[in-house]
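Number of protein chains: 2
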Amino acid sequence: MSHSTDASKDRETGSNFMPKFDDRGLLTAVVTDSSSGEVLMVAFMNEEALALTQETGVAHFWSRSRQALWKKGETSGNTLQVDEVLVDCDQDALVLRCTPAGPTCHTGAVSCFYRKLEDDGLTRVLS
Amino acid sequence: MSHSTDASKDRETGSNFMPKFDDRGLLTAVVTDSSSGEVLMVAFMNEEALALTQETGVAHFWSRSRQALWKKGETSGNTLQVDEVLVDCDQDALVLRCTPAGPTCHTGAVSCFYRKLEDDGLTRVLS
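Taken in order, these protein sequences are the chains called B and U.
Numbering-wise (our numbering), the first sequence opens with residue 1 and increments by one.
Numbering-wise (our numbering), the second sequence opens with residue 1 and increments by one.
Source of the hints: derived by calculation from the structure; they are not laboratory data.
Check the hints yourself; a few may be wrong.
A pair counts as met if it fits within one copy or between any two copies, since identical chains are not told apart.
The calculated lysine to any residue pairs, modelled on SDA-like cross-linking and capped at a C-alpha distance of 25 Å, are [stated by the list, open to error]:
hint : residue 1 : residue 2
1    : Lys71     : Ser15
2    : Lys9      : Gly57
3    : Lys71     : Arg97
4    : Lys9      : Asp90
5    : Lys116    : Phe21
6    : Lys9      : Ser65
Let the sequences and hints guide you as you build the complete structure.
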């Protein structure tokens, strides 16, 4: 109990990076545009994706649907250059401030969040 | 196969809200500040948390650690008024653009993302 409390306190207040992977071995990663600040996409990282992102400066994720490591833009060329990484209080989520090489969404939209939820459904807000 | 492809296409291009809960029954929710655009926190929503958020206009989540429904700010008073909800391409993540009643992080910081990852550890970037 006290050990767990200490670890939790270290995670929150300390200067050590102690990523807390969930029971599937994943962190949540929110990608924002370094220039506009807009949220571009949300994805997940396992330990390998995080290590590759740190080593290369290019965003890598873990695809839950394909159960595979995924270098964002590997096929499309629309990679994400990571300018800064922010870490949350309990170290289970990251914000990656990035410079995108092209549209982030596989649909061609600048951001995956191109629709707004209204009472009667979704309205497109980005082209 | 074609059914799955159609459903996937509807989710991406359609105007119907068809939230895709993961195998734990959860969506990822990214909270941003409506005024500054900054990412304030990341959390998860089950179907009930989503319904309560839509009904009340105040952010509700599912706590994975406590395995309980959670009205953000219920204890602290630091609720989040939801101004707009954005939905991503495959409808498994939401951006909640909110007006916070106080500091969002339970540590008292404006945002949970108060530290930056550097080569040698974490550096505080928000008070």
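task = Compare the structure with the hints numbered earlier in the document and write down the numbers of the violated ones, lowest to highest.
result = Violated hints (numbers, rising): 1 and 2; every other hint is consistent with the structure.
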